[in-house]
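Build the full structure now, drawing on both the sequences and the hints.
Protein chains in written order, with the working numbering: chain A, 13 to 269; chain B, 253 to 548; chain C, 6 to 272; chain D, 1363 to 1631; chain E, 1363 to 1631.
Hints are computed from structural coordinates only; laboratory data are not their basis.
There's no promise every hint is true.
Cross-link-like lysine-lysine pairs, in silico, DSS-like; alpha carbons within 30 Å at most [said to hold, decoys possible]:
hint, chain 1, residue 1, chain 2, residue 2
1, E, K1491, A, K263
2, D, K1470, C, K169
3, C, K17, E, K1374
4, C, K257, D, K1464
5, D, K1430, A, K263
6, E, K1374, D, K1491
7, D, K1374, A, K17
Nothing here was measured: the structure is a model prediction, and the numbers come from that model.
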Amino acid sequence: MSPLKRIAYFVSLPILLIIVWWALSFGSTNFFVPKPIELAQTLWSTWIGDRFFDDVLPSLGRLTVGLFFAIALGIVLGLLIGSTRWLRNLLEPLLEFFRAIPPPVLVPLLMLLIGINDGMKVAVIISGAIWPVLLNTVEGVRAVDSVLNDSCRSYGIAGFARIRYFVLPAVSPQIMAGVRQSLSIGLILMVISEMFASSSGLGFTIVQFQRNFAIPEMWSGIVVLGLIGLGLALIFQFVERRVLHWYHGLKEITHDS
Amino acid sequence: DTSAPAGSDALTPVTVGVIPIADTAPLYLGLDQGFFEDEGLDLTIETATGGAAIVPAVVSGDYQFGFSNLVSLMVANDKGLPLKVVNSAVASTGDVDSDFGAVIVKGDSPVETLADLDGKTVSGNSLNNIVDTVMRASIDRLGGDSSSISFVEIPFPDASAAVENGQVDAAFVVEPFVTAAIESGQRVISYGYADFDLNLDVAAYFSSAATVEGDTELVPKFQAAMKKSLEYAEANPDAVRAIIATYTKTPPEVLAKIVLPKFPTEFNVDAVTALGEAALKYGVVETAPDVSTFLP
Amino acid sequence: MRKQRSAAAGPKAKALGLGIGGIILFFLIWEAAPRLGLVSDRYLPPASEVLARLGQYLTEAAFWNDVADTMMSWALGLAIATVAAIVVGLIIGSSRFLRRATHTTIEFLRPIPSVALIPLAVLIFGTSIESTLLLVVYASFWQVLLQLLYGIADVDAVANDTAKSYGLGRLARVRYVIWPTALPYLMTGLRLAAAVALILAITAELIIGTPGLGKQIALTQAGGAISSMYALVLATGMIGVLINLAARIIEKRVLSWHPSVRGEVVL
Amino acid sequence: MLSVRGLQKIYKVPGGDVEAVRDLTFDLAEGELVCLVGPSGSGKTTLLKCISGLMEQTSGTVELNGSKVTGPPKSMAVVFQEYGRSLFPWMTVRANVELPLKNQKVPKAERAALVDAALKSVGLDHVPKSYPWQLSGGMQQRVAIARAVAYRPQVLLMDEPFAAVDAQTRADLEDLIRTIWKQLGVTILFVTHDIDESVYLGERVIVLSSSPTVVQEDLKIDLPAERDQLNTRALPRFMELRSHVYAEIQRAKLGPVTEQITAQRRAAQ
Amino acid sequence: MLSVRGLQKIYKVPGGDVEAVRDLTFDLAEGELVCLVGPSGSGKTTLLKCISGLMEQTSGTVELNGSKVTGPPKSMAVVFQEYGRSLFPWMTVRANVELPLKNQKVPKAERAALVDAALKSVGLDHVPKSYPWQLSGGMQQRVAIARAVAYRPQVLLMDEPFAAVDAQTRADLEDLIRTIWKQLGVTILFVTHDIDESVYLGERVIVLSSSPTVVQEDLKIDLPAERDQLNTRALPRFMELRSHVYAEIQRAKLGPVTEQITAQRRAAQ
Ligand SMILES: Nc1ncnc2c1ncn2[C@@H]1O[C@H](COP(=O)(O)OP(=O)(O)OP(=O)(O)O)[C@@H](O)[C@H]1O
Ligand SMILES: Nc1ncnc2c1ncn2[C@@H]1O[C@H](COP(=O)(O)OP(=O)(O)OP(=O)(O)O)[C@@H](O)[C@H]1O
Ligand SMILES: O=[N+]([O-])[O-]
Ligand SMILES: [Mg+2]
Ligand SMILES: [Mg+2]
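Laid out in C-alpha cells, this is it:
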C-alpha cells in the first residue's frame, strides 16, 4: 500500500469525527464540553514545555517499567499456570479475587504495603495490566495444538526448549492480543496511580485540571493520553508484525493498515 | 418520595449533593426536623465523594444545590464557571486547641510546630486547595518557608497510616481521623483551619447561575430552611452526633469523641477575604474573588 | 455411566479443594501480617476480624440490597458492552477496509480512563444509573472488542475456504465459522470485561455516590470504619471469584469442542 | 462448461516470488470426469483454488458456463487436500455434512435423507454424533467426501480425496464417485497421486509438469464406461494407459527439475 | 527390541467409550522393518501413539529394549499422519528439521550437514527458507520425513508418511527408507494403506482387523533383501504376497464390520 493511502487510512476517520464534533459543539456554551479549536490551542500551550518533562516523561517512565513487568510476569505466570493444572486450580480463585478489586481501594493498600514511591505506582500499573496477558497466555497454553505437542514430546523437546521453541511461539498470537489490551489498561492505571499520594505526573495533572475546573486543559490531557495510546499501538504493531509474521502468513492475513 | 401525601404536591422538589461527613449534618437535621418542608421544599440529599460528581450535577441542573469547600468555589469562580455561593455551611470552631481539622505528626516526631516542617513532606487530601492553602499561610506566618515543603495528595482515610509509616512527616486530616490519630498516639501540631482564622468558613452551599435565575423563589426558600437547620445544629450537638450516625459509617465510640465544627449562619467576610488572598498568593487562583459578589 | 460420573467428580473435587486451599493460604498470610506486626492492625485488620464483619454483613438486608444494586449495574453494563462489542467487532473484523479505517480511532479511544469521563457522564446523565452504565460500558467494551478482533483473525484459512466454496455467504460464515473460532478469544474477553465492569461499577458508585457496594465502601472509608471497608472489599473479590466460576461453567459448555476444554477431559 | 485459459499464479512472498503455475490451458465439458496428476508441488492445489474462485490468479482466466469465475460459484463443491482443517471441529460429523445443505435452505426431511445417504455411502453411518477430532485420519477424509456428495454439486473438485484411506475403502470410494458421476451427471475434476486410480476413474487424465507448471499431457482414457475394480484393472489397455501416465509423470518430475530449482533460486535472491 | 503385549485402548468420550484397540500382541526385533496395514479407523495411529509413549494405553504393555514405555523414549522419531499440524508454522523448513538436533546439542556443523542431507534426500533442498504453510501438501509431508531422517533415531514410527506425494516421489522415498534402514540399522514400524508399498518395503507385514482391533495376520515377506522398484514388483512372489495382503484387508474390512457397528452403537447408548 502506498504511503499516501496509509496516511489517508490513518487520519480519515479521526478528521471526520473531529468535524462532526466541531459541528455539534459549535453553538454550545457548556462549560464542560470542549471545542476542537480551543482544545488544540490548549493542547499546545499546556503540554509543550516544562510540563512535558516534569509530568509526562516521568509518567511514561513508570508506565514503561510497569508494562514491562506486567507483560513479563503475565507471560511467565501464564505459562506456568496454563501448563500446570494443579497450579491453576490452586491459584485461579485467588487471582480472580484480586482481579475484581477496584484500584481505588487497592491503591491505599499498596500504599500501606509498599509505601509512597514510584514502586507503588508501578505496582498499581502492574496490578491492572497483567490480567489480559496472564489470562490470554493461560488460555493459549491450554489450547496448544495436540499434534505439535506430540511432535515435541516424541523428539524429546522438553523443559526450557519446549517453552522456547514450541509453547511461546504457539501462544504468541494470544499473548499479543493480551499485550495490546495491557497497553491501554496500563495507561489508564498510570492515571489512577497518580490520583493518590502524588504531586506530579500526567494523571495527577489531569485530575488537578478536573478538580480545578480547568476543563479544556483536562480534555487536552485526555487527548495526550489518547496520543500516547496511539503511539504505543504503533510501536506494538511494528513488533507484532515481526513476531507474528508466520501467523499472518498461515492465516492468510494481509496487513497493510 | 413518591408516596407523598396529597397535600405535599405543592412542595418544590429540590436535590442537594453533599459529601457524607459531619460538615453536612445540618442538612440532614433540617430534613429530619421538617425545616425544608416548612419552606415548601421536598428535599432529597444525594451523596458523592467529591466535586467530580457534584459540580457537573449542579451545573446540569440535576441537583439544585451542592456542598463544596470554599477554595474550590473560588477556583470555579476564577475559571468562570457559572456557580453561585448561596449559603454558609461549616466553619472552624474558634478554638486553636480543638478543631475538626488538624495537622498530625507521629507521636515521636521532632516536629513541634508548623514552622518545623520546612523541607519536609506533608499530605493533604487535595492539592492546590483549601487544606494546603491554609497550611502554607500559617507556616509562612509562623516564620517557616512553605515553598520548601513538598505536598503530596493522600486521601484523609489513608493519611494517618502514611504518617505512622514515615511516608509523610505530617498530614492534614479532618474528623473522625483527627480523633483516631490522637487515640493511636499521634500528635496534633496545628488545628489548621482555626490556626488560619478562628472562625474560618471552610465550605459552603452553592447553586448554578441557571438554577438561581430560573426560579427566583427557590434560593430564598433554601436559605431560610438552611438558616433554621444550621441554628438547630449549632444548638443541639447531641442531635448532630445522632444524625451523623445515620448517614456515615463512623463507629459510635469514635463518633462520641469527635470535635464538631461550627455551623454559622453568616459568612465571616474577613476570613473569606483572607482565604481568597492566600489562594491568590499561593497560585491556586489567578484573581482573588471579589467577596462582595462572590458571597451571597 | 455412574462409574464415569464419580470418576469425573474426583478431579473436580480436587480442583475445588486446591482452589479453596489457595484462598485459605491467603487468609492465613493476611491473618499473620497484622498479628506479627508487619503492618499495623489499625490500618489492616487481621483476616478473622474482617471475615467476622463480613459474616455480619451477610445477615443484613441492606448489604444484599447494595449487592443487588452493584450487580444490576454490572450485569446491564456488561451485557450492553458485550452485545455492542460483538456487533461492532463482527462488522469491523470481517472488513479489511473498516479494520484499517478504524484503527487510529480505536487505539486513541481505548486508553481514556473511565474515571476521567465521570464529570461528562454526570453532566449528561446526572447521577442516575445511566452514568454508572456509561462508565462500565466504556471500560469493558474495548476488552471484548479487541479480543474478538483477534479471534476473528484466527479463523483457519482452509475452514474459511471450505465455507466459501460451499456457498456460505458472509452472514453464514460469521455464524458457522468466524463465531466458533473467535469464541475462545471472546470468552477470555468476557472474563476480562466482567472484572473490569465490576471494578467500574464499584468505582462509579464510589465516586458518584449512586447506591451499591461502592458507595458503602466510600462511606466506610470516609468514616474510618476500616474492618467494614475491608469486609466490603472482600465481598467484591468474592463476587469476582463467583463471576469467574460462572464464566468457567459457560466455557465448559460452549467450548466443549475446543482443545483448551477437551484436552482437559481426554487423557 | 469449465474453461481454463493461460492460467498463471505467482505467490508473492517476502524474499521473492514463487511461480507455482505458469501457463495452464484446458477445458472440461459438462458431465466430464477428469483426473489431474502431477508431481508434488506442481500446483494442483493452486489450480483448484483458482478454479473454485477462492484465490485470484495472477493472469489468465477461468470460465464456468461462459462466465468468468471471480468468487466461489454456487453449485460447486470442493474436497480439500487438508481434510483435517476443512472440517469444523465445533460441529459433529453430521452437522458438518449438513451445514451446506442447511445453508441452501434444503428442507429438513430431504436434508436428513441426503446426509444419511452420504454418510452411509462413505461407511460412516455409525459415527454421526462424533466430532471430527474423535475420528481417524481416513474417517475425517471420508466426512469431507460425504459433505461434498450430500451437497449434490454440478461441479465437484477433489484434491487427493482418498489419500488417507485404506485400499479396500479406496476402491469402494472410487466406485462411489463413478456412480455419483453417472447418476447425477456432475462434472468432476479429481486430483490424485495414484496413477492406477487416475486411469480407472477418469475419462481423461491431465498430467501437469513440475513447477513452473504447464499441461504436459492431456490423455483420453478409452476404457469402457462400465468399469469394475477387478476386470477393468486387468484390461491390457488399462496397463498400457497406466504405464503411459507413469512415464509421463516420471518425465514431468525429472524434466524441468533443474529449471525449477534455478528459477526458485533466482526468485529467492 | 519392541514388544507389544495385550494392548488395549479405550477412548473415553462423553456419551460412551470407544474401544479403538482391543488386544494387540506382536514383537519387533532390533533392526526390523515392519509394515502395518489395516482398515481406516482400525487403530493404527492409536497404536503408534501408545508405542511412542504419547498416550497411555488402557491395558497391556509396551516394552522397548526390555523396559516399559511410559513416556516418549529418546532415540525414537515419529512421522505423524497429520503432517500439516506436526510442523511448526513459525519456523522455516530448515529450522523445523534442525530443531530436534539442536535440542540434542548436536554440534552446529554436524547439524547443518545432517539437515542438508535430509532435505536433499526428500527433494526439498531448494526451499529451506520457506515456511511450512508456503509448501504444498506433499512438500510438507516430506519436511516431516526429513526431520525424522535427520534425527537418526534408533526406532522410527511412520504413520502413512507418503500419503500426499506423487507416485514417482513415493517410489524414491520408499527406496530412501530402505537405504536408511539398511545403512543405520534402525528399527522401523511403517503404517501404510498402500498394499504394494507394504510388501515392497517390509520384512514383515502386520495386518490389523477393523475396530475393535486385534492382529489379524503377521506375514513374513520372503522377498530378496535387495529390492528395486522395477524388478521386485515384477516378481511372482511379490504378486502372491500382495494378493494375500489384499485379501486379508478385505477380510478385515468386511469381517467384523457388523460387530464393530453394533459395539459402537452399544457404546453410544
Ligand atoms: N501460500 C503460499 N505461499 C508461497 N508459495 C506457495 C504457497 N502455496 C503454495 N505455494 C507454492 O506453490 C507451489 C505449488 O503448490 P501446490 O500446493 O499447488 O502444489 P500441489 O500440486 O497441490 O502439490 P501436492 O501434490 O504436494 O499437494 C509449491 O511450490 C508451493 O511451495
Ligand atoms: N480422540 C479420540 N476420541 C475418541 N475416539 C477416537 C479418538 N481418536 C481416535 N478415536 C477412534 O479410535 C479409532 C481408531 O482411530 P485411529 O486414528 O487409531 O485409526 P487409524 O487406524 O489410524 O485410521 P486411519 O487409517 O483412518 O488413520 C477410530 O474409531 C476413531 O474414531
Ligand atoms: O477505566 N478505568 O478507570 O479503569
Ligand atoms: Mg496439493
Ligand atoms: Mg491413522
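Structure-based check of each hint:
{"no.": "1", "hint": "E:K1491 x A:K263", "result": "holds, 19 Å"}
{"no.": "2", "hint": "D:K1470 x C:K169", "result": "holds, 22 Å"}
{"no.": "3", "hint": "C:K17 x E:K1374", "result": "holds, 17 Å"}
{"no.": "4", "hint": "C:K257 x D:K1464", "result": "holds, 27 Å"}
{"no.": "5", "hint": "D:K1430 x A:K263", "result": "holds, 27 Å"}
{"no.": "6", "hint": "E:K1374 x D:K1491", "result": "holds, 14 Å"}
{"no.": "7", "hint": "D:K1374 x A:K17", "result": "holds, 21 Å"}
Hint compliance for this structure: no hint is broken.
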